[in-house]
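Asker: Model the placement of chain B on the given structure of chain A, informed by the hints.
Keeping their order, the protein sequence lines are chains A and B.
Residue numbering for the first sequence follows numbering that gives the first Met the number 0, beginning at 0 and increasing consecutively.
Residue numbering for the second sequence follows numbering that gives the first Met the number 0, beginning at 0 and increasing consecutively.
Hints may contain errors.
What the hints assert, rightly or not - Dumping the calculated DSS-like pairs for lysine-lysine here, alpha-carbon to alpha-carbon at most 30 Å: (1) A:Lys481 to B:Lys240; (2) A:Lys439 to B:Lys301; (3) B:Lys301 to A:Lys442; (4) A:Lys481 to B:Lys233; (5) A:Lys157 to B:Lys240; (6) A:Lys742 to A:Lys696.
Unchecked claim - Now the stretches of chain B that chain A is said to cover, found in silico as 3 or more residues with beta-carbon under 8 Å: (7) 23–36; (8) 158–165; (9) 255–261; (10) 328–338.
Bear in mind the hints are in silico, worked out from the structure with no lab data behind them.
Just so it is clear, CB atoms sit at the ideal spot from N, CA and C, and this is done for glycine as well.
Chain residues, written in single-letter form:
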Amino acid sequence: MKFTIDWLKNHLDTKFNNNQIIDKLTNIGLEVESFESSTSELDTFIVAKIINAKTHPNADRLKLCDVDIGSDKTIEVVCGAPNAKNGLLTVYAPPGSIIPKNQMKLSVSKIRGVTSYGMLCSESELLLSNESDGIIELKNNKYANKIGEKYFKNTSEKVIDLSITPNRPDCLGVRGIARDLSAAGAGKLKINKKSNLKYRGNQNINVTIKKEKAQGCTIFGSCLIKNVTNKESPKWLKDKILSLGQKPISAIVDITNYVMFDLNRPLHAYDADKIDNEIIVRSSSKGESFEALDNKKYILENDMCVISDRSGVLGLGGIIGGIRSGTEYSTRNILLESAYFLPRSIRKTSKQLNIDTDAKFRFERGIDPLSIEEGLIKASELIKQICGGEISNLDVKKIENYKKTIINFDPFLFEKTTGFNVENKELIKILEKLGFNVSKNKKILKLVIPSWRPDITQPIDIVEEIVRIKGYEHINTSEPIKTRLKPTLNYYQKLFHFLQRSVASKGYLETVTWSFTDSKINQLFKENDQEIPIVNPISSDLNVLRNSIFPNLLFYLKKNLDRGFKDISLFEIGPAFKGKNPGDQLTIIGAVKAGKVSRLSWNDKERNVDTFDVKKDVIQSLCEAGIDKDEIVIDDKTPSYYHPGKSGGVYQNKNEKNALAYFGEIHPNIIKKLDIKTESLVIFEICLDYIKESKQKIKDLKSEYKFSDFQKSERDFAFIIDKNFKSQELVNIIKSVDNKLIKSVRVFDVFEGENIAEGKKSIAVNVTIQSEEKTLNENDLENINKLIISSVESKSGAKIRS
Amino acid sequence: MSDIKKIKDDYIDKLNTENNIEKVNNIKSELFGKNGIISNEFKKLGSISVEERKKLASDLNNIKDELQNKISIKIQEIETKEINLKLEKEKIDVTLPERNIEIGKIHPVSQVIDEISSIFSEIGFSVEEGPDVENEYNNFTALNTPDNHPARDMHDTFYLDNNKELLLRTHTSPVQVRTMLKGKPPFKIIAPGRTYRSDSDQTHAPMFHQVEGLHIDKNINMGHLKGCLNYFIKEFFEVDKIKMRFRPSHFPFTEPSAEVDIGYEIKDGKIVIGEGNKWLEILGCGMVHPNVLKNVNVNPSKYQGYAFGIGIDRLGMLKYGINDLRAFFETDYRWLSHFGFDPLDVPSNYRGLSR
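Okay, chain A solo, but in the shape it has when bound (with noise of 0.2 Å):
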């Protein structure tokens, strides 16, 4: 909303300076977006100096001027000028200004080859005389110490922006600021003078409103002008106009837009020689047309309030007029129209058909239904003083009443809310200055609410508008209520956080991505997920949920790489998607690692990253985040996503059904469709949601200490085994000889080839054996190892190495 302060004292009488005016309103929840000149065609010329004038090495007429234009470097301009010398004070457009006498606007442009930086012009191109044989000499005296400022002082007004909360239409209009500004106490609300308009007979176009279920018209209001004579505005309208950003159109609909803009009345001007013997206020039917005031042909669905003749649509009602009823200069008579239309039925209509003007916003929001009167005066007497004619006696059509919204309030809501106290005398005057009729019984105040605040319909409406007006400023600051109800994060919560740290502290850069992907990427991710696209996407690489981290992360690693970057790993948290529904997601950590482990390293040989850095990086993070080691269970089968013979699932325990992560180098296929270009690319991925809450807090776990002190021995083994036959259970074959006396078995060698029949590798593992009870003798240990091979041999078929 912008106005004028001119404009705004000639509502309200105040002795409140600019300044005070601007605060008041941000005060009152009036925000004030700016305060500046309206930007004009001339601010671009600014005061320069020649510095520099040689002649041009194509052109002899020309010259080549190196101009200072307030700047810390010069510009140069080609300029043909005669008078165009070292050290001339002159005014300089540069590229993008518009020349006042021919309205083109400069560009770059190359004049015989060399390349000027906009002009320097003469009086006659900036029609300050028809001087035009040489560029303007500016008196050294007023001019030297101006270069770089403009040449043109901008006179025009200051105008305000305010931006108006949705519930505020009463503000979308000068007056409506003024009150509320003078019940803040900045001024007095001017009384609107008494009209002593005189009316010369009857509107006699019949107007009907239709009794239909959908009808968005409640009343029509209409007078009809005779005789006009339409013109340009005068200045003063013009310049209000032009003050709000808009352009002057003719005096007729420049008027019904300053009544719009003064009193937030939407009005119409019709040509009443065009209407159709009648106005007809209806519901359209689906396939109407009508060519709009825009230059837009609008194909009608059912149900939007038209106003019509005989002949068929010829508006929007409150949104936009049509051309075949539009004012011209040559129009003579006019039908002006100031109705009130239903705030749902505006927008239903302006979003069916895409359509946002003035009048929609305004009649969207919720117009005064007791305004059509005066804006159909206010109007008229404007049109008889710039246009002459005769006006009609007013006709309002209704099909329904306003009724008053009345609230009961207890004075007491407003401490209770807002935490300190106002005397009722205040409080009363307060909503009086805005509009409320005030009568009290007992305590309860009983309110009228002014018929231009819709926005108002229960008491604790009334304490706001009683708090902004005072002022927030008189709300007392409490210390926080540190009352804690509950612990600030549950398990799953401390899990985020937690393993968000862990997986970083691993050399994990973390990044977030949108949430959306590109289904193309998605594809390749989204196993057997539904697709849940947007149904409208920001661009269409970005229109689906992502089912999968990897689409991303895969994308950014790529432009990464792309980079120059060879040595990435990155990580983010957060939700995959797997239906479309709330709650149809999961936390999940994906991390890609790319490239190689001791690149450039003088002393370690450097090697490709592999499946078990990752899987290191990953069982690491979930021992940190409390999981047993012991416990989690390995498998092969993973992601179609991953290579398939060289990744893996992690279980939590042997009975877990969901991998709660999986690890690995990525598919190749899919390393070539997104044309990733590196040494080596492997990931891994964490399901948060699928880890299970310990029963037992660290306080219980930690008091179990146990330990033994009795000798321990260690004994290698080497078996000869199916290439296939996996370590880990190879592991657990030798734990469940005795789980007590073997407290630990590690692989350390791992060997296929040379001496070992095709098919079969040699699994080397080292044995600690330790008891909790006594040293054990070398009798006892044989027999362990005996049982440990035999077990071994029985149960995989293995061959101890001999």
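Answerer: Same frame as chain A, now just chain B:
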């Protein structure tokens, strides 16, 4: 006896000049071996009178101690010399680079969420979450924003179906609805998370982060709201003084509503939070609208309280001098390394919010 003394002196001289460990060991056995000189002298003690024996024994012991002492010092001396010589040869260039350090980082958004959670935890708030996909009711209708409300235009919403029933939440406020629907008052929660609007330019991203706050109890008023946010802003920006302004505004789900501005100034091209005469809007808040309370089965005549919503990304940008919102989500390795935080740098009250 004088012989012994002489022998002793000779050996002391010998030891003084000896530098070979083996030779020192030979001297040791010459003196104290089975038939060593000193050992033999002790053997002789048995054959002399008691009077003499006492005297001689005492002298002998002194000589023995002196020599043994000398020998062990000498051995230690030689060994130290040898070790030093050996270590001298082992010297390496310690200025050569260490093995590769892999430095991981926490994204600024995550760090700021942890900072915010830590601050609100101090004053008794707990953390709630809600899904990213919401239904129309929780995101709008329950929050007193019916379909025909112009306030909906301020939210450019991503939809997942043509009926506009399922959407990506445009703010974290639906978590208020979910929290109150599943529990009983009082409520005291914050809810950080991802939010979405179909808006994309230099200062808007289609996804961003908000933190919702909600405190409902019997007598929570606007003074408490002011106190809570005042506390938060001071703690978050880690400054003693901060200029704050509560300004009336409008949100359908709160009434009265406010926007909060903080003071700032530009110094050497950088934004400095706290003082100065410019205002920067950082959050929206207000008293939860009675209609919202009714929608979630809380009796507004018994319970009341406040809610607020803060843009997390923007808060992070202000605190850590990040200029471009879109860079948050572009995964540039250089940006993540520069603006990321060490994973051990966990914001907490007792260790300080940030380093």
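Asker: Check whether three or more residues of the region 255–261 of chain B sit with their beta carbon closer than 8 Å to a beta carbon of chain A.
Answerer: holds (count 4)
Asker: Given the hinted pair Lys481 (chain A) and Lys233 (chain B), is their alpha-carbon gap at most 30 Å?
Answerer: Holds: Lys481 (chain A) and Lys233 (chain B) sit about 16 Å apart, inside 30 Å.
Asker: What's the verdict on Lys481 (chain A) and Lys240 (chain B), does the C-alpha distance respect the 30 Å limit or exceed it?
Answerer: Holds. Lys481 (chain A) to Lys240 (chain B) sits at ~22 Å (cutoff 30 Å).
Asker: Hint check: Lys742 (chain A) vs Lys696 (chain A), CA-CA at most 30 Å. Holds or violated?
Answerer: The given pair, whose Cα atoms are some 25 Å apart, holds under the 30 Å limit.
Asker: Has the given pair, Lys439 (chain A) with Lys301 (chain B), been kept, meaning a C-alpha gap of at most 30 Å?
Answerer: holds, 25 Å
Asker: State whether the coverage of the region 328–338 of chain B by chain A holds or is violated, taking the criterion as 3 or more residues with Cβ-Cβ distances under 8 Å.
Answerer: holds (count 8)
Asker: When you check the alpha-carbon spacing of Lys301 (chain B) and Lys442 (chain A), does it fall within 30 Å?
Answerer: Roughly 20 Å between the alpha carbons, so the hint for Lys301 (chain B) and Lys442 (chain A) holds.
Asker: Tell me if chain A covers the region 23–36 of chain B under the three-residue, 8 Å CB rule, please?
Answerer: violated (count 0)
Asker: Is the hinted pair Lys157 (chain A) and Lys240 (chain B) satisfied, with a Cα-Cα distance of at most 30 Å?
Answerer: violated, 34 Å
Asker: At least three residues with a C-beta closer than 8 Å to a C-beta of chain A: is that true for the region 158–165 of chain B?
Answerer: holds (count 5)
Violation of the numbered hints given earlier is confined to hints 5, 7; the remaining hints are satisfied by the structure.
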